[in-house]
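Trainee: Join the two chains into one complex using the hints; note that each chain is given alone, in its own frame.
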Amino acid sequence: MLRIPCPVCGLRDETEFSYGADATVRLPDMNEADPKVWHDYVFIRDNPRGPHKEYWHHVSGCRQWIVVHRDTLTHEIFGSALAREVAA
Amino acid sequence: MTARRLETGGRIDRSRELTVKFDGKSLPAHPGDTLASALLAGGQQMVGRSFKYHRPRGVVAAGVEEPNALVHLRSGDRHEPNAQATMVEAFDGLTSTPQNVWPSLQFDVGAVNGLLSRFLGAGFYYKTFIGPFSGTKYWMFCERFIRRAAGMGRAPTLPDPDHYEKINAFCDVLIVGAGPAGISAALAAGRKGDNVFLVEQDRDLGGSLLSEPLGAPSDAWLAQARAELDGLPNVRVLTRTTAFGAYDCEVFGLLERVQDHVLAPEEGKPRQRYWVVRAKRAVLATGAIERPMVFAGNDVPGVMLTSAVRSYLNRYAVLAGERIVISTNNDSAYPAAIEFAKAGARVTICDLRAEAPTQFVDSAKKAGIDLRPGHAVLKVSGGKGVKAAHVVRIGPGGKIKGNATRIACDLVTGSGGWAPALHLWSQRFGKPQFNEELDAFLPPAEKGTFSCVGSLIGSPSLRDTLSQGHEAGGAVGKEPALFGHADHWGRNLVPLTVIAKVNGRTPGKAFVDFQHDVKLADIDQAHLEGYISVEHLKRYTTSGMAADQGKTSNLNALARMAELRGLPIPSVGTTTFRPPYTPVTIGAVVGHDHGLNFRPTRLTTIHGWHQDNGAVMIETGAWLRPWYYPAKREDINDAYIREAAHVREHVGIVDVSTLGKIAVQGPDAAEFLNRIYVNGFKTLPIGRLRYGIMLREDGFVFDDGATTRLGDHDYFMTTTTANAANVLARAEYLLQTAWRNLNVHVTSVSDQWCAIAIAGPKSRALLTALTGAELSNEALPNNHFANVTIAGVSCRLHRMSFSGELAYELYIPAKRGRQIWEALMAAGEPFNLKPYGLEAMGALRIEKGHITGSEIEGRTTLKDLGLEGFASSKKPFIGSVLRKRPVLEDPARPSLVGLEIVGDTSTRAGSLLYALSAPTKGHGEGWVSSVTYSPALKKNIAMALLSRGPERHGETIQVVDFVGGQSWLAKVVSHHFFDPEGKRQNG
Ligand SMILES: [Zn+2]
Chain P
1 MLRIPCPVCG LRDETEFSYG ADATVRLPDM NEADPKVWHD YVFIRDNPRG
51 PHKEYWHHVS GCRQWIVVHR DTLTHEIFGS ALAREVAA
Chain W
1001 MTARRLETGG RIDRSRELTV KFDGKSLPAH PGDTLASALL AGGQQMVGRS
1051 FKYHRPRGVV AAGVEEPNAL VHLRSGDRHE PNAQATMVEA FDGLTSTPQN
1101 VWPSLQFDVG AVNGLLSRFL GAGFYYKTFI GPFSGTKYWM FCERFIRRAA
1151 GMGRAPTLPD PDHYEKINAF CDVLIVGAGP AGISAALAAG RKGDNVFLVE
1201 QDRDLGGSLL SEPLGAPSDA WLAQARAELD GLPNVRVLTR TTAFGAYDCE
1251 VFGLLERVQD HVLAPEEGKP RQRYWVVRAK RAVLATGAIE RPMVFAGNDV
1301 PGVMLTSAVR SYLNRYAVLA GERIVISTNN DSAYPAAIEF AKAGARVTIC
1351 DLRAEAPTQF VDSAKKAGID LRPGHAVLKV SGGKGVKAAH VVRIGPGGKI
1401 KGNATRIACD LVTGSGGWAP ALHLWSQRFG KPQFNEELDA FLPPAEKGTF
1451 SCVGSLIGSP SLRDTLSQGH EAGGAVGKEP ALFGHADHWG RNLVPLTVIA
1501 KVNGRTPGKA FVDFQHDVKL ADIDQAHLEG YISVEHLKRY TTSGMAADQG
1551 KTSNLNALAR MAELRGLPIP SVGTTTFRPP YTPVTIGAVV GHDHGLNFRP
1601 TRLTTIHGWH QDNGAVMIET GAWLRPWYYP AKREDINDAY IREAAHVREH
1651 VGIVDVSTLG KIAVQGPDAA EFLNRIYVNG FKTLPIGRLR YGIMLREDGF
1701 VFDDGATTRL GDHDYFMTTT TANAANVLAR AEYLLQTAWR NLNVHVTSVS
1751 DQWCAIAIAG PKSRALLTAL TGAELSNEAL PNNHFANVTI AGVSCRLHRM
1801 SFSGELAYEL YIPAKRGRQI WEALMAAGEP FNLKPYGLEA MGALRIEKGH
1851 ITGSEIEGRT TLKDLGLEGF ASSKKPFIGS VLRKRPVLED PARPSLVGLE
1901 IVGDTSTRAG SLLYALSAPT KGHGEGWVSS VTYSPALKKN IAMALLSRGP
1951 ERHGETIQVV DFVGGQSWLA KVVSHHFFDP EGKRQNG
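Residue numbers (the numbering used here), protein chains in the order written: chain P, 1 to 88; chain W, 1001 to 1987.
Only chain W is shown next, with the shape it has when bound in the complex (with noise of 0.2 Å):
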């Protein structure tokens, strides 16, 4: 192929130069290029290697369905793999290099696999994965093999520098693809006044009129359309914008390349904008893609498709080939070939219908055109470049007759009809009809909201297309009028695109899907093995489920089995198409939503304070808390057991903001709460509070907390942290459905109050020295609050105890809480006041034996954790019947125990269980749920659940961690490890 840029002509801005790199090499070229257009005019036949067997491939194709033309973009960190080099503007020092070779473009060791080729047909991984060879030495010689020498570009490594934006948007109106159907119909629809979205994939408005020769008759319409777009305030225009996705209730997923066609983005603007647009309409004007030829040969470098040598030629000057010959199927081909040979090509059109067009044999002549009607190419010769066309006589039903004509010749272009790009509308609603006539699938003009026009569906002229389009937007004002050259969109098809011999075979690889390195042959051998749905096909063989999803490859893939079953298109059948039309890189799709930023971080009141003390935090579901306060050169464990035994000799504080809190209000507040815990909660007098459990209505426990009778009417509940949503979702559920005769309200009060816990024996004499109030054991004892102030801040002090020490938990309003944790800091100097982490007051719940969401984890019952005399047996609550289900009444069930951890290491949680002489294998005989070393006990401690557990206390058993490959042994004792009969915390 000696391709050149022709003198004139062409839209390109020919007074500025620029240069782009490929491969290492300079080529020139100007703004209004594309990648391909510059590798094309710069001579650059060959521009990367094939997945499977590395064989030497060109540009196809001009648009978003080029299937070969895929580099690497940039470099270090903005380098991008799998770039459509027909899709990348050029823009000076674009850098591109090659994919799939190595060590060089012209020299490729991987193609070696090309020799290898029988083995790496239809199936291959299914055989080897499945077959005789799995698990095998030869199984894993040729996955390392296959790994290495096959695939796609190579992935980033290092993090993107540039911004990626989310934008939510709304119109009446979204209209996908500004050709000369889209322009069309925005225009319209403008007109009328509707909120208008016309989003288009390329940097230009005008489809495929920007293929037309520069000054045809559609230069003008265009110019002026563009001009009343720009002058409608409500017709916003994307261009650079790709609609990927059509989702249920007319929501699109557009992608916008804001900066994609210059070196780096520009201060301030993202690179790419994710766009969610909900419309209450949609036109899809999304064109056609041109069918390939699938004969032998047809990947070598210089076999394009007909209509994208035509681009290159009008769009971008670039005259591909000087000796073309093209085989086609329909008139479309004709009014190229004739662009071709004025531009100076010499052109041979060989027509696999017996009667060349009428309308057009004497204006082919008169360009010196070759004509060949009832002939078609067999067979193209040449390994990185197109040698010769083999040409053969083609008889009725296809059949070939005679031997070929070789026609030397440096390019060959398809034309075997047109695909309308319904990927969109087929996302929406799935299959679309079969047009036997245009030979292709085609969506119906109207369906639901969504209006389809133009080539899409199959639209016979440039008028009929312009004339859908006013329709489908509003038909306000001056419907346009053009006729040009669309007008052959298909005519007078033949619906043949598959050129063998007589036995069926192709005179070499013939491919169906390039970008997959799917042969003809692969789909007549999985049809040979019996697939027969076009479903599994396509998985089977990979036909169509490479990058580029099938967009030159399906109908033939779909027209060969068709052939081979004999039966028609539509009988067997077509694959849904699913989102992303294009791909779209993982930047656009996280946006800002990643580091802190993936979801909104919760912060107490207090965590200023936390932060300027030193304290370690931690996540815990959205909230950063405090994990330690590590003193110097302090690590982790030797911080947390510090704090926690501080804790039992003198006084400690931790900010339990965090847990979840719902005001719980009406006059049936009591009734409510007796339903949803199961205990009894009608009893509790004003001013006290009370430990609940509630259940699932299938009878595993769900959640725990404390609630507090405040007046008659009116309660605080605590939530565990990670339940708050649960808990509250789950009130508002029961009161608004089954429950609404309840008089009862639930508001999440989380974010109003925080919360700080004061444990320790001293804790009592520092509340009492801060607050002045009567704390004593019989004023103030455990479960009961006092209303008190603190610093002028009303605060409500609750005793209870988390940690089993002395404990108190003060509530107070949200926006004094660090004041009020400053207070405490204060006042609690003469008492050795200091503060803990979460790790401590793990520590220190464990040696009591209190649960949390690692023992509430879903699958325990109250009996599983010893929890069952909380159940009250005199009222029904939620869970109360199901939780006696014989199975959850197994006295095997795990069930919580103690670990005393021999030895001085600690266990991991999620080590399993099992008795001292049974063999570690299996699930075990239960499972550790927390780990920590008891300063109190002396002991590396643990809570789990081991089946029969109560009965075992005193057992040597087994805890083997599989993850970390470590074993302990671990006496079974009671879980109530520390003060079991709680004189620290009631006296």
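Next comes chain P alone, as it looks inside the complex (with noise of 0.2 Å):
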């Protein structure tokens, strides 16, 4: 079991979060029209061995959704931002 720091709440346990999304990539301009675009947002990830940024929501929690950075190899969590202050 992971335990994240949650900026609002302190240190929790992860089952008080559900993972959201990788917070690399940024949801297309609502007008974009070009199905590529669209495509490569819902279907293209990269897949890094170690460092990372996530999205996890605080959902039993202050119901945040934040940005985790994440080792996604040895699991280490070096800290986490509210997503509205950082999103991408």
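Accuracy of the hints is not assured; some may be wrong.
[As the list claims (entries may be wrong)] Below, computed lysine-lysine pairings styled on DSS-like, alpha-carbon distance capped at 27 Å: (1) P:K36 with W:K1874; (2) W:K1384 with P:K36; (3) W:K1632 with W:K1938; (4) P:K53 with W:K1447; (5) W:K1399 with W:K1387; (6) W:K1025 with W:K1384; (7) W:K1983 with W:K1939; (8) W:K1632 with W:K1834; (9) W:K1971 with W:K1983; (10) W:K1280 with W:K1399; (11) W:K1501 with W:K1384; (12) W:K1501 with W:K1478; (13) W:K1280 with P:K53; (14) W:K1682 with W:K1874; (15) W:K1884 with P:K36.
It should be emphasised that the hints constitute simulated quantities derived from the structure, not laboratory data.
Mentor: Below you can see the structure in the form of structure tokens.
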């Protein structure tokens, strides 16, 4: 089980969160009409080995979406921030 | 083996007698004994039979590494399989029975497996599964035979009467293992003021010190240390507790056996307690496990680990044999041997090193020990017990020389060096480094927030062990100074544990993994067949894959593989350990989370009324909902058909409080809704509501529901029951990431509002009578709402229909739900109002052709569901681009239709569809999503997704339920079975 630092609530168990998405990809603009752009947004992901940024939802806590900086290899968590402050 | 209890000594309470039972036999014991020590003291040499070959087996170890002495404990609903006799505390009335025996321990039919052993070797399962025998009668014979004959204990079949509980905890430092290193660490950390957890799997603190002779200098230190720990309120000592898992972020799983050492748990106490501990740092002081020697017959009852025999002698006052032959490759056997001799045994030491250690030679000789340097045990003879050891000379390089000499004996012990119990460290960090001098994998003293101390890292002496613990704990207070016996941990070891003939073979079966019956020859065979990866070797031979996870076997298997490949051990690699260190009962994992407590059950505020009025409830997700309200002698079919017909003729009410409800508020609320719904919401006026559909970004339908505009910046959204949480999370995601420039706030109000649907031709008359409000079609047309007051409670009345009837949804402050429901029932009497349940609601919506989760199931598009008309072409919305992907526009995709089933039985959801003349093979042309009997049509009907469905109205097709083995014919029709023009709901 991971222990995830929430900027609002402090260090909490992983079970209070749900994983959301890769935080390095960005929702296309709503007026974007090119299917390729939407296709890449929905389906194309890197699979990094090492430090990575991820969206997690503190779903059983403050309900904030946060960006967690996590190593996918060691599971080390370097820090987190509110998505509304740092989102891509 | 003629083991016996000595007159004096041991850490047992001789003032109290108790009786334990094994295989129907009563054995005397004392508090402080284990089942294993009682078995040995009672002369019970053979305690079970082995997994594959049903060979007689006896106790090998004295602790958690025991591979053989697995027994059934207790009986009836407290029956427990695979208990290690070495870990079971003796208590009065303990009953145990042997495993893997049929019909009896002494005479066992399965022992014939031993004769078939050449068929049961490495890779047996793989070869028969995928080889030429796969699927043949031979395999079927083998499978039946093997499943009956092989196996571990018998699983319990009755519900467990005991309670298990879970507990969460936090600490500064978690110390695993309360031997000298762990205690020393706990003292230092405790003095420092840290919040300390000291975890010990044994009933007593002390670890290896408990195996020192009674009266050893360590006894006084141990007593003093215990007293000091007791006086430190910041130190929590957990005995009978195993740290079984080390997880990321310093989270540990512990299993506390609170009441395993008594016949039945005391009133109010749990049998076991499952701890999840979050530590800031950890000190591992888990010690080391002795390696057995590998030679022919090394599994005969009476072949044990030297350290175990020493534990039985010093801790339990049981001398396990009268005539003992020890085979060792290091110094640690000597002090033990001297104690055996002093206790009255005749001892021979075969030391496979050319020279015996000088510091022990004198005392060994003085104790009358027959010292044979440059010798080893090649073979043990005996069936149900050791009869003799066959001893040979060992030359340089470990090759045997000359013929074996037979020494009659009743106990043979092996000292093959030590394997640190690095399991927790390995669970957390993976592969450790190999130390050639100690012939062992050792974790580093420090890594991350973990410190490793004592025998776990090959500490050379007790003094060093205490010092390491003291440092790791925080070095506060006086460092303990003790000298003892453990000063010879694996010193001067020669890395050789396999004693074989010159041709590499053993003169008889030599076991590497006792619990899984893996022989040395199996490792050799796997190597011959080309296995080089240690992970493959493990799976192919199943070595190390039994319940003991190879605690006594891993290193020996690895060493053999390295030898065969001509490589050093680290080049062959080692496996990574996974939790749990020792087995964890399912009961402890489950705790109280079973039955209705598996997760919180959600009840609507009207639940009590449903119960009081005989509703049959059904689980939908976490909710309990009224399924139907049976009248006398009605079954579900009678009831729902009556309820649904009643709604179409009179009026009915149904509890729909489970709908998801979200307050969408803020100046950009309309823009937000316009982006997430496929249809337009910007033009929705205050006072009106609109049905809307959401897509996922990939273009598939996500959810549907109605949203009501309450005010300028104030909307009230409903979602399906199932998707309530997902829709909210998605909305929060969008608003906190990509759309954070939108000024919108979303709040779940699902629990704040109770909802009741009122449906049927008499619903308007009923509500008018109850509320006194003007509810005519002009005053409140469909898709409008009004504020009304019922019994003094302000409610919101939404006019909308799921049933296809003239219908309303009434939103009520949650706590007033039952009060308003009862007010409706009272006011409804003149209108013949009846409640209806989920099943009738389903029948009504299928008649009407409305979709639910059965159709919005993640694979369907707007087009598939015939809902394309809802999609706005004037604005982008989530999913608007990707829903147009060519593959999703394919006209051959299964699309929504209605089915009228021929005949008078109902089909089943999940049935597959085939053209009339097509063979009913493969996936067919679609599937049935929802079924019901339609009281309005007097037919069995269904909703289905059928390839090119809308073009096929009128066609007759085949419907096949492969699960139930039934098939039907059905006519394809529009899914708007009833009142397709919507006259009733709009009237
Ligand atoms: Zn939070």
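Trainee: Each hint should be assessed against the structure and marked as holding or not.
Mentor: Results for each hint:
1. P:K36 with W:K1874: 21 Å, holds
2. W:K1384 with P:K36: Violated. K1384 of chain W to K36 of chain P sits at ~74 Å, over the 27 Å cutoff.
3. W:K1632 with W:K1938: Holds. K1632 of chain W to K1938 of chain W sits at ~23 Å (cutoff 27 Å).
4. P:K53 with W:K1447: 25 Å, holds
5. W:K1399 with W:K1387: 25 Å, holds
6. W:K1025 with W:K1384: Since the Cα atoms of K1025 of chain W and K1384 of chain W sit roughly 18 Å apart, the hinted pair holds (cutoff 27 Å).
7. W:K1983 with W:K1939: 22 Å, holds
8. W:K1632 with W:K1834: Holds, because 15 Å separates the two Cα atoms, which is no more than 27 Å.
9. W:K1971 with W:K1983: 25 Å, holds
10. W:K1280 with W:K1399: Violated - the C-alpha atoms of K1399 of chain W and K1280 of chain W are around 51 Å apart, more than 27 Å.
11. W:K1501 with W:K1384: Roughly 24 Å separates the two Cα atoms, so the pair holds.
12. W:K1501 with W:K1478: Given that 27 Å is the threshold and the Cα spacing comes to 53 Å, the pair is violated.
13. W:K1280 with P:K53: 24 Å, holds
14. W:K1682 with W:K1874: Given that 27 Å is the threshold and the Cα spacing comes to 12 Å, the pair holds.
15. W:K1884 with P:K36: 12 Å, holds
Violated hints, in rising order: 2, 10 and 12; the structure is consistent with all others.
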